[in-house]
Amino acid sequence: MKRVRAEVLSTRKLGAYHQLTVVAPEIAEKARPGQFVAVKMPDRREFLLRRHLAIHDASRRGGWAGTLEFVIEPSGPGTSWLAAARAHSFLDVIGPLGKGFALPRRLTNCLLVAEGHGAAPLYFLAQELVAAGKRVDMVVGADTMERVLKPIDAKRVSQTVAIVTTDGTLGDRGAVMEVLPAVADRVRAQVVYAAGPARTLEQVAAFCTERGLPAQVALEERMGCGFGLCYTCVVPVARKDGSGYDNLRSCVDGPVFNPARVLWDRWLGERPTMLPTPPEGLPVVRSWPG
Amino acid sequence: MSDGEAPGRSGGRRSLRTDLGGGLVLPTPVLVAAGCVGTGRELGGLVDLRRVGGLVSRTITLEPRKGSPPPRIAETPSGTVWSTGFQNPGVAVFVEVELPRLARGGAPVIVSIAGGSVDEHVRLVGALQTRPEVAAIEVNLSGPDEEMRREVLGEHVDRTGEVVGAIARMSLVPVFAKLPMAASALPDLARAAVRAGAHGVTMGAPPAALGVRTNDLRPALGGVTGWLAGPALKPLTLRAVFETSRVVPEAPILAVGGVRSASDAIEMLLAGASAVQVGTATLVDPMAPVEIARGIADYLRDKGISSPADLQARLRVPAGFRATDAP
Chain A
-8 MKRVRAEVLS
2 TRKLGAYHQL
12 TVVAPEIAEK
22 ARPGQFVAVK
32 MPDRREFLLR
42 RHLAIHDASR
52 RGGWAGTLEF
62 VIEPSGPGTS
72 WLAAARAHSF
82 LDVIGPLGKG
92 FALPRRLTNC
102 LLVAEGHGAA
112 PLYFLAQELV
122 AAGKRVDMVV
132 GADTMERVLK
142 PIDAKRVSQT
152 VAIVTTDGTL
162 GDRGAVMEVL
172 PAVADRVRAQ
182 VVYAAGPART
192 LEQVAAFCTE
202 RGLPAQVALE
212 ERMGCGFGLC
222 YTCVVPVARK
232 DGSGYDNLRS
242 CVDGPVFNPA
252 RVLWDRWLGE
262 RPTMLPTPPE
272 GLPVVRSWPG
Chain B
14 MSDGEAPGRS
24 GGRRSLRTDL
34 GGGLVLPTPV
44 LVAAGCVGTG
54 RELGGLVDLR
64 RVGGLVSRTI
74 TLEPRKGSPP
84 PRIAETPSGT
94 VWSTGFQNPG
104 VAVFVEVELP
114 RLARGGAPVI
124 VSIAGGSVDE
134 HVRLVGALQT
144 RPEVAAIEVN
154 LSGPDEEMRR
164 EVLGEHVDRT
174 GEVVGAIARM
184 SLVPVFAKLP
194 MAASALPDLA
204 RAAVRAGAHG
214 VTMGAPPAAL
224 GVRTNDLRPA
234 LGGVTGWLAG
244 PALKPLTLRA
254 VFETSRVVPE
264 APILAVGGVR
274 SASDAIEMLL
284 AGASAVQVGT
294 ATLVDPMAPV
304 EIARGIADYL
314 RDKGISSPAD
324 LQARLRVPAG
334 FRATDAP
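Chains as they are written, first to last, in my numbering: chain A, -8 to 281; chain B, 14 to 340.
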């Protein structure tokens, strides 16, 4: 983990997204697919905390050595500020952070499932898998054409690509879950990696559990710091021995988790069950601070 | 981070050594606030802990706590609304695993504790008692009082005195009472805590807060209500520190809430604090506690002041002003 002053090399529009490239050799050298960085915002009242960006690519060799790429979907003041970053300005970046994807040792057929801008880390993963001699196939989905991230890159890096959009403007009309079973059969998937909206990941998790497919998913939970200090980005994850669960920090214990151990209902559902249990007979009057 | 020297000892700078009494001496008057030091090993990679005034642990309870449901943090103008619900492994695991890690970096460790009853507090102190790593204990009094079935233990003068007294009688290290800064009975609470044996006061526990999302009509936090943090708190903290220091001038005050620059910290000292704790600013910039301390040293040198203690409570208040006269 390094803290660097990174120069913005370029920003460019990518459909509905923005691609941001920064020079950060110390981070690029160590970055693994699935990891992220924490970028400091300027001192203004509307944003205070760092913004956390999944690493979309890290170039270690060649003309672009030492650069990091991110895909930004402008959705609030912070991401809009980042999307408008000018070339040659500087960003305060801490990274690489978190646990990335683990590459399979024996199994070879890897199916990557991406939806929306969550696809960003999977392109980095795909390159690493191919470099490790694995077969990569992809399912890429989004609402509409502008939100399908880099379909041409997907074709370049993988054996087959299934593209689906909700409105049918690119690829087949539908959702990733509608094509996933057929694609998994066709490519004889042995391992599944997924990133995207939590609800989609929950369905991917159920599918993988049912088929007995090993899987890893990159989760997004709102973070305070990004490096393990504040305990705000927790996700409930079952213990390996089944003796209960722990609220794990997605910044240091994730953001990549085994979806079979994520307690999706507790994480995403109506959550009163997670409130601390009071001693027998006493009312809970307010959630505990801390 | 090039020079490994503590700021107090580096050339040309004033000593920032801060003696809070009771054997508690900090290398600088800038600590990391409770809930912002992780489990003790995360901060070490980002900052030289020998240059940090002290670390306040996350709040520890007797039994392990899972904490609040996510999301646990949301940004708000000049601040955050957050609640972790005291997620912690319980005092037994804390003492075994986290405490040695917190102490390893060399910064003094203040352990934050919270309980729902007098008995729980006493047992917490009992579990920490034998550990040499514990420089002081901070009692977070903003949690519910389960014994008396009240929302906030530290809003009641009688109970604050009772709980703090039980802890102080037992503790071998200085005890700081972290009082709710928004409590209307603040002067009485501070007096009760100090009279009961608290060595000092941490000012303070933040006001409760709510965030609202308009897109899906939900509260911003999974636990619905949380606590305000960040620069938005600064004037509230200043006033609470100021009032407290006038009623218990003999007790050191640790100011927490809204400190993110050296200027903020100096203002807290002028208002009556002996040291400051930095929370949200540490989450954004792990070097903040060191940079704030450096800024204080620069200010002292420029003004020809010899130590941070000489700034303390030097706010020039009109003669005849009494805090209780204020609106």
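I should point out that these hints are in silico values taken from the structure, not numbers from a laboratory. Quantities reported herein were computed from a predicted structural model and do not represent experimental measurements. Hints should not be assumed to be uniformly reliable.
Stated by the list, open to error - As a list, the in silico DSBU-like pairs of lysine-lysine whose alpha-carbon atoms are at most 30 Å apart:
1) A:K125 to A:K31
2) B:K247 to A:K90
3) A:K90 to A:K125
4) A:K(-7) to A:K4
5) B:K79 to A:K231
6) A:K(-7) to A:K31
7) A:K231 to A:K141
8) A:K31 to B:K247
9) A:K146 to A:K(-7)
Here is what the structure says about each hint:
1. A:K125 to A:K31: Violated, at roughly 36 Å.
2. B:K247 to A:K90: 36 Å, violated
3. A:K90 to A:K125: 21 Å, holds
4. A:K(-7) to A:K4: The hint holds at about 28 Å.
5. B:K79 to A:K231: Holds - the C-alpha atoms of A:K231 and B:K79 are around 17 Å apart, at most 30 Å.
6. A:K(-7) to A:K31: 14 Å, holds
7. A:K231 to A:K141: 37 Å, violated
8. A:K31 to B:K247: 21 Å, holds
9. A:K146 to A:K(-7): Outside the cut-off at roughly 33 Å; violated.
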